[in-house]
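Undergrad: For the record, the sequence lines run as chains A and B.
If you count by the working numbering, then the first sequence holds residues 0 to 138, one letter each, in order.
If you count by the working numbering, then the second sequence holds residues 5 to 134, one letter each, in order.
Simulated from the structure, these hints should not be mistaken for laboratory data.
None of the hints are false.
Below, a sample of chain B positions facing chain A; criterion: calculated Cβ distance under 10 Å: (1) Gly-82; (2) Ile-117; (3) Ile-120; (4) Val-123.
Computed far set for chain B versus chain A, every beta-carbon distance over 12 Å: (5) Lys-13; (6) Ala-16; (7) Asn-17; (8) Glu-19; (9) Ser-64; (10) Ile-65; (11) Gly-69; (12) Val-105; (13) Phe-108.
With a straight-line Cα cutoff of 30 Å, these simulated DSS-like cross-link-like pairs (lysine-lysine) come out: (14) B:Lys-13 / A:Lys-95; (15) B:Lys-24 / B:Lys-13; (16) B:Lys-24 / A:Lys-104; (17) A:Lys-95 / B:Lys-24; (18) A:Lys-104 / B:Lys-20.
Beta carbons are placed, not taken as given, at the ideal position from N, Cα and C, and that holds for glycine.
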Amino acid sequence: MASLVTTLSGYLGYRGREGHWSFLLHRITGLGTGLFLTIHILDTSFVYFAPNLYMEAIKIYQSTLAGLGEIVLVFCVFYHGINGLRIAYFDMFAPKNWAIPSERKTFWWTLALSLALWLPSAGIMLFNLLKNNYGLFGG
Amino acid sequence: MATTTREVKTPANYEKFAWKWMRYSALLLIPLVWGHVILQDVVVGVHNMNLGYVAERWASIFWRGFDALLLAFAFAHGINGVRQVFNDFIHGEQARRVLFVVLFIFWLAVSLIGLIALVAGVNQQFPLNP
Numbered sequence: 000m001a002s003l004v005t006t007l008s009g010y011l012g013y014r015g016r017e018g019h020w021s022f023l024l025h026r027i028t029g030l031g032t033g034l035f036l037t038i039h040i041l042d043t044s045f046v047y048f049a050p051n052l053y054m055e056a057i058k059i060y061q062s063t064l065a066g067l068g069e070i071v072l073v074f075c076v077f078y079h080g081i082n083g084l085r086i087a088y089f090d091m092f093a094p095k096n097w098a099i100p101s102e103r104k105t106f107w108w109t110l111a112l113s114l115a116l117w118l119p120s121a122g123i124m125l126f127n128l129l130k131n132n133y134g135l136f137g138g
Numbered sequence: 005m006a007t008t009t010r011e012v013k014t015p016a017n018y019e020k021f022a023w024k025w026m027r028y029s030a031l032l033l034i035p036l037v038w039g040h041v042i043l044q045d046v047v048v049g050v051h052n053m054n055l056g057y058v059a060e061r062w063a064s065i066f067w068r069g070f071d072a073l074l075l076a077f078a079f080a081h082g083i084n085g086v087r088q089v090f091n092d093f094i095h096g097e098q099a100r101r102v103l104f105v106v107l108f109i110f111w112l113a114v115s116l117i118g119l120i121a122l123v124a125g126v127n128q129q130f131p132l133n134p
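Assemble the whole structure, with the sequences as input and the hints as a guide.
TA: Next up, the structure:
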């Protein structure tokens, strides 16, 4: 219990700026993607175990709330991927970059690249959501 | 800012294997997961999904293989990530062993369920309900 309190208060209170934000974002996006992945493996397995339930699951995914969650999920996947590549590259090929100046600079690059990939995807998904759920754009 | 680095020998144990696994699987997961997400969520979209779509997709051995790789690499990467997060909260050796076994069983069960569905395919008589 003590370690839980220490770890959680460290998560919130540690003032490591970019390096710490990067760590937190990597954890949150990873855990979020992992949670969805678990649900997604199980709902996809319905195609064999319970085909009628599969269509129920798809109906839930087509709802507006799930659609907004899907847009967040795609950000998580892009951010976690780019930041993961950054970590793997630093760890295995350029450990000198594990220093505050390059950690700070590359955090912003990681965020910018993630947003550059995410914004067009989010736009298309939002368009599809408005078209199919609200009849906009001639849907 | 000047930095100093030094090389140290690390023992070849499970933790080292897991550390490498997270990084090498990540390289493979970039094309697998991004390809999957961009194709299914952005290009096709959830409003065009149904049993027929899955059946058509899995009629191709390429896409079944693609999904098998996703299942194998993405889920194991995720479960080991969860283990690393829990290890930040759980410090007792006994508790960590229990956590390891629980996560391993969970990983094995969900992977097997996914694998059975992936091999067996869509379980409905043609013509498929939309």
